[in-house]
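The whole structure should be built from the sequences, with the hints applied where relevant.
In case you want the letters, here they are:
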Amino acid sequence: MNGQADVTTIGRGTVVRGRVTGAASLEILGRVEGEVEVQGDLLLDAQGLAAANLSGRRVTIRGAVRGDVVASEAIVLEDGARVVGDVRAPRIAIAAGALVRGYVQTGDAVQPAGGRTRAQPVATPVQRPAASAASAPPRAPARTAPAPASAPSVAAPARPPAQSAAQAAQSSAQTTERITVPRHLTASAQPAATTSAPAASTTKGPPPPVVPVLKKGAKGAMTKKRG
Amino acid sequence: MASTVIGAGITIDGEVTSDEDVVVQGTVRGKLTARDGVTVEHGAVVEADVNGGPLSVAGSITGNITSTDRVDLQPGARVIGNVKATRITIADGAQFKGNVDMDV
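The listed protein sequences derive, respectively, from chains A and B. Residue 206 in numbering that gives the first Met the number 0 sits at position 207 of the first sequence; the count goes up by one each step and never skips. Residue 69 in numbering that gives the first Met the number 0 sits at position 70 of the second sequence; the count goes up by one each step and never skips.
Do not take every clue at face value.
[What the hints assert, rightly or not] Computed beta-carbon distance windows for the label pairs:
hint: 1; chain 1: B; residue 1: R86; chain 2: A; residue 2: A92; range: 45 to 53 Å
hint: 2; chain 1: B; residue 1: T67; chain 2: A; residue 2: A95; range: 28 to 36 Å
hint: 3; chain 1: A; residue 1: A22; chain 2: B; residue 2: K30; range: 20 to 28 Å
hint: 4; chain 1: B; residue 1: D68; chain 2: A; residue 2: A45; range: 29 to 37 Å
hint: 5; chain 1: B; residue 1: K30; chain 2: A; residue 2: A45; range: 23 to 31 Å
hint: 6; chain 1: B; residue 1: R69; chain 2: A; residue 2: G106; range: 50 to 58 Å
hint: 7; chain 1: B; residue 1: H41; chain 2: A; residue 2: R90; range: 32 to 40 Å
hint: 8; chain 1: B; residue 1: D91; chain 2: A; residue 2: A45; range: 41 to 49 Å
[What the hints assert, rightly or not] With the Cβ distance kept under 10 Å, some of the chain A side facing chain B (calculated, not the full set):
hint: 9; residue: G10
hint: 10; residue: E26
hint: 11; residue: G29
hint: 12; residue: L98
Because the hints were derived from the structure by calculation, they are not lab data. Virtual Cβ for every residue (Gly too), placed ideally from N, Cα, C.
Written as structure tokens, this is what we have:
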């Protein structure tokens, strides 16, 4: 790990805010907020936290990501990985114990969707101009993304059980309307997660599962459980 | 133990904050803050204000430097900016333009 000339390491006690780019490989053991776009391999350690869109050739995730993960070759989400965001690569492996909340796309479908060659880092900004136009602002909505998902669950019990179907439909329409706004702002393809979540909560009782991505102490509890 | 290395070929635009050693071989623009030592190796480009402990420079820094310890400008180093540190050495062959402020 040390002494390696062309492996970049963001150490455990290090926070990077901003944009990390380059042709080399990158290991994240600390925190990154912003955007990571490397042509080499990308490793997010179990202790690592990324509130960023990650892009690399082969991306291995063992820690927590809030943002999209894109690879030109493969993505491996290992045990302990927690991803809130989209995951796109020609090959994707999700190991048991990895948590994902977002849109996952593998295989050749990546190329038509990107509409470009397999140069993923180049294709990504083209595909989503709104998201890349301002890399900083989308971060804030992305952080609040779980909130709208849980909002319906709060609203649901408030509704009397003997309510008419029309009213229920109306309220569900309202919630979807409300949710549409942040989705516009983020311009990320989280619709898959956010639309399905409120729909499920209005038709059935239980609220959508909230992945405790960055909840305080959640990480410690998980690692304890695993021994 | 595992310190932070910003390797050659990597560019960081933004802010780097660290509680440990930082070694820069690539490019950093913005701000670089470390509680421990900072090493800017030959070929590295830092266009940022640098705050930290002992600082060793063999590459290029454009920005103000503040160190709680010493600053060593090695041969081949190129520094443009003000330097505030307890001790400063400038090796023969280092380029430097800026104010020096040592706690006298």
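Hints and how they fare:
Separated by about 52 Å at the C-beta atoms, R86(B) and A92(A) satisfy the suggested range of 45 to 53 Å. Distance hint for T67(B) and A95(A): a CB-CB separation of about 47 Å, inconsistent with the stated range 28 to 36 Å. Roughly 24 Å separates the CB atoms of A22(A) and K30(B), a value that falls within the hinted 20 to 28 Å. Between D68(B) and A45(A), the C-beta spacing of about 33 Å keeps the proposed range 29 to 37 Å intact.
A hinted range of 23 to 31 Å for the beta carbons of K30(B) and A45(A) is consistent with their spacing of about 28 Å. In this structure the hint that R69(B) and G106(A) lie 50 to 58 Å apart at CB holds, the actual value being about 55 Å. Taking the beta carbon of each, H41(B) and R90(A) are about 38 Å apart, inside 32 to 40 Å as hinted. For D91(B) and A45(A), the Cβ-Cβ distance of about 47 Å falls inside the hinted range of 41 to 49 Å, so the restraint holds.
For G10(A), the suggested interface contact is upheld, since its CB lies about 4 Å from the closest CB of chain B, less than 10 Å. Against a cut-off of 10 Å between C-beta atoms, the interface hint on E26(A) holds, since the closest Cβ of chain B lies about 9 Å away. For the restraint placing G29(A) at the interface with chain B, the shortest Cβ-Cβ distance is roughly 7 Å, inside the 10 Å limit, so the hint holds. The restraint placing L98(A) at the interface with chain B is violated, with a minimum CB-CB distance near 25 Å, outside the 10 Å limit.
When each numbered hint is compared with the structure, violations occur for hints 2 and 12.
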